[in-house]
Each structure stands twice: as structure tokens, then as C-alpha cells.
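Trainee: Residues per chain are reported as follows:
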Amino acid sequence: MCVTQALEVSSYLEFTPDGTAIDAAFVTGSLNEADQNAVEEALALTDGDGEVVLVSAGGDEAEEALRAGLTMGAHRALRVPLSPAELADSRTVAAALSQAVADEQPDLVLTGVQASDTGGQSTGPALAAAADLPWATVVRSLGSDGRTLTARREFEGGVSELVQVDLPALATVQVGANQPRYGTFKDKMRAKKAEIAVLTPVDLPTPRVVLTRMSPNQAGGRTVQMVQGGPAEVAARILSIVREVQ
Amino acid sequence: MTRSLVVAEIVDGAVSPLTAEAVSAAASLGGDVVLAVVDPDAGALAAQAALAGVTEVVTVTAPGTDRDHEQMLHAVEALVADVAPQVVVAGFTIRSTAWAAALAERLDLAFVPDVVSLTAAGAEITAERSIYDGRVRAEYAFPTGRPVVALVRAASWPPAEPAAASATRALDVDLPPSRVRAGELTRPSGDVDLTGSDVIFAVGRGVGSEENIAAFADIARRLGAGLGASRPIIDAGWLPAVHQVGQTGVTVKPKVYVALGISGALHHLAGMQNSKTIIAVNTNEDAPIFGYADVGAVADIHEVAEQLQALL
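Those sequence lines, one after another, are chains P and Z.
Residue numbers for the first sequence follow this note's numbering, so the first one is 194 and each next one is one higher.
Residue numbers for the second sequence follow this note's numbering, so the first one is 6 and each next one is one higher.
Because the hints were derived from the structure by calculation, they are not lab data.
Incorrect hints may have been included.
Said to hold, decoys possible - Ranges between beta-carbon positions, derived for each pair:
{"hint": "1", "chain 1": "P", "residue 1": "Q439", "chain 2": "Z", "residue 2": "N217", "range": "18 to 28 Å"}
{"hint": "2", "chain 1": "P", "residue 1": "Q439", "chain 2": "Z", "residue 2": "G242", "range": "25 to 35 Å"}
{"hint": "3", "chain 1": "Z", "residue 1": "D203", "chain 2": "P", "residue 2": "D325", "range": "47 to 57 Å"}
{"hint": "4", "chain 1": "P", "residue 1": "Q439", "chain 2": "Z", "residue 2": "P245", "range": "45 to 55 Å"}
We put the beta carbon where it would ideally sit given N, CA and C, even for glycine.
With the sequences and hints as input, model every part of the structure.
Mentor: This is the structure in C-alpha cells:
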């Protein structure tokens, strides 16, 4: 079960002096949304009969993600330390995570479909290849009889396909696949004190991808014009724009 | 000169429109562009692959469906060995992301998803992505000189124009059977077709409850507009899947898109950001959707709905 922290940035932001990251003062982290769905799927599939082990690659932010997953009810957590530079390359991340897969020999590896902040959808397929597991992406409605995983894969345009993969296998869980449970305050306290094992990565590949520069972006390339006034003014404005094209 | 391999995306027996944009991205690097078509009927589809900028079309006849990512992985592995490209380009879609990072892992290539800009200076490739809700532009370099697999975002390059057919050849690939067994395929049903609407009113989480949707459906109906929704509304079962706009829903480009109580998650933006005029109403002034809107309002969508109903 692989998790990560997703970052939300404020509307005003500043970058670190070397220009390759956002200054920590302008970001807040939380367990990535799709990963919450993946943890929920793992807990539902094991349902008291089995173990859910979390792994995350990275530094303090990875540890926070793991504690959030432990609060939900996962049994154990491992962290593989990686630097921000190493995290920029899906191959390095996959190599680090595959060490945990080799150590733990799980029946099923789940990841979220993508990180909501940087959205690459790469960790799952890269890890599947690194660990030599069959995989399916963007799935929901997971079921297992202990030998075969059955799931529904989603595609663009509302198309979905029922797939079966023999275990051990990997699947990336779609955002919104379920209602993730929240832990209680007691769960949170327990997760806070839980021991998180650190797995030292060996033989990591040199990153093939390097983030060289970040700059503020005009999101979507549009400049928004805000309507002043109350709901009546907003409604009138919407109506006039709609009627113009009809 | 950068030699590129573009992997065509096949959806339901046709080359997807994003393929022409991927060709454009590859051609802008200024070298040979080899376009690969992998399909049970690859030979016949090659005609659809006649696009400006393509120097050669290579077909791989493969028995599986266009959703078989393991088959694609093995076919593209063979294509990379055959073509020896410096850059492999495909669209950033669910089908491509299922195999592309695995390909990079197996062949020791660099991988960069959701690319909005791609440039070459000599042998050096640079890619740009738009991340953190589009608030940050990030630039990537590939220092080891290994070939780069780049998945390009839709509507970031103009589509390559149809052109006279290029030289076409077939590549024989021995494909191992896929370990993923495909079963029943489901398509959205219903008489709703949002892609034909000039105006779409779309509701998101901000609608609050299933009962509240009726007011927005009424406004849309009275204005002859389509009713769209973001993913959480569909997941909650408040509207059938045919209303979903976004990555796993429909992609729409209406003249006017009115996003009501929609924060602007990546998934949703992928399906509507190319609309002509975008209006966003949300109570959260920091909602990412405002970065993609032409007209915005920080307001309660229920109060706006009441006013709209009063005006109609």
C-alpha cells in the first residue's frame, strides 16, 4: 500500500532561493485524496483478516502521509528516505518502493491513481514494472478471492471495463472509489506514537529527470473578471452571457 | 535533429484526435517523426495516420483491444528498439499512462507526464509542466541523455493537419499474452449528450445534497442548456454518469460553461478547460477554478439559483 502527501498551495506563493520548490510557508500537506481511497480499499479488502502495510518514499512529508494512513487503520508503516530531487523521477521512486515490495511480499499492492498536486499517474505502473507485477490502473469496485483480483477499470468518456488479474498484482485506485473512513482522536494519538520503520534504499538509479526551475503560472491562461454585488447581480451577469450565444 | 517516435492512441477503432497534437509536439522538435500504430487492424488505420510532419508510419499488428496496456508496453518496447528515438511522445490519457511509466522503467528511459511544452536545443530536451492546480510552471531537464518519454496534455499543441500518406512499413513483434484478463465493457447509457450543448450548467460538491440538484436542472432545462456535474456528484449517485464532465467523463467545449460549486480539481479541468467562456461561482475565493474562468463570483450557488429562477 503506497501513499504520498499531496500539497495544496496558497494563491500567493514564493519559491525557495534555488527556484526548484515552493517555499514551505505557502503549502499545506494532507494525505493525497486518491491514496485515502486506496487505504480504504485495502482496509475493506482485508477486513480484519490480513495486514495493511503502508509505504511512502520521501522525508518528513512522507512520514505525515503514513501517520494519516495509520490513523485510518493501517497496521504498520515503512518509510524509504528519498530527497526531493530523487522524488522528481518516477523511476527512482519505483526503485525505492519496490524494495519494500520485495521485503514484504504482499498479495496486492495498491497506490492512488495520481497525486492531486502534480498528477502524473506514474508511480503505480512504474512500480509494477520494477517489482515485475501485473497491474491495472484507475480501478474501483475491487474484490479478491485470495488468488485473483477483480476490479472495474475506468476510461475517458464514462467507459469502464471489468478486469481480472492473478495475485500478486498492483492496482491504482481511482479518486472517489469509496468513502474513506476517518480515525478517531484515539486512533490519531496511536498513529502519532507508532514506530515507522525506515528502509534504507540501495542501488537507486541516477535520476533521469531533474526539476530545474519553478515559476508562477497564469493558471489556465485566463484572467478572471470578478462580478461585484450580490446573487442578483451574479445571476443577471450569467444570464446575459448565456443569452449572447443563444 | 531530434528523432521522435509518436505512439498513436487508438480508441474504438480510430486514431484519437490527441494523436495529431502529439505529432505536432514531436514535429516542433525539428527532426524525423515516426508514427506508430498498434492495433489488430493497424494496416488499415495507417491511412488515418497521414498527418503533416510524419516522416514514416510503422504498424504493429496486435490482437488485443486498445485498452490492453501490457500489449502496448511490449509493442512500444519493440518500436523503441527498432526506431531508436531520442523522444517518445504520446497523449496524456488513461490508456497511455497505463503503459508509459512502465516502459520508462523497463528500458531505463526518462519519463515526464502531462507536458505542456517540449523543446530541443541540440541533443538537450526540455519539458514544461503546469502543476499545483496550474499555479506553478515547472521546467524539467534530462541530464543523463537517455531518451525521454513525454506524455502531452490535450490542447497544448495545434493538431497536425491531414497530409499525403507517408511511407508505411509493418514491424513484426512477438507479443506475450497479457496478464490482465478483460471482461465486460460498459458504456454510459442515456439520451444526454453534453458534447452537443452550446451552454452547460455544471454542478459540483457545493450543491450540498441530491434534492438541491433539481433547481439547477430546472434552470438548465429552461435555458436549453446541458446539465453537467463533477465527479463527486456521480460518485454519490446524485446524477447518472452521462452527466459527468472530466477525465473519466466527457470532454466538452461549449460556448459557455457555468461551473457552480465546483472547486476545479485536475480531473474536472481536463474535461472543460477549453470551453470558450467559463463562468465560475464558488464560496471559496481561493478555489482553483477561478484561475480557469473568464468571469467569476464569490457567492452562494443556491442564492444565485434562486435569482436565476426569478429572472426566467
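Trainee: Would you mind marking each hint as holding or not holding in the structure?
Mentor: How the hints compare with the structure:
1. Q439/P <-> N217/Z: 18 to 28 Å: Given range 18 to 28 Å: holds, Cβ gap about 25 Å.
2. Q439/P <-> G242/Z: 25 to 35 Å: At roughly 32 Å between Cβ atoms, G242/Z and Q439/P fall inside 25 to 35 Å, so the hint holds.
3. D203/Z <-> D325/P: 47 to 57 Å: Holds, since D203/Z and D325/P (Cβ atoms, about 50 Å apart) stay within the stated range.
4. Q439/P <-> P245/Z: 45 to 55 Å: violated (26 Å)
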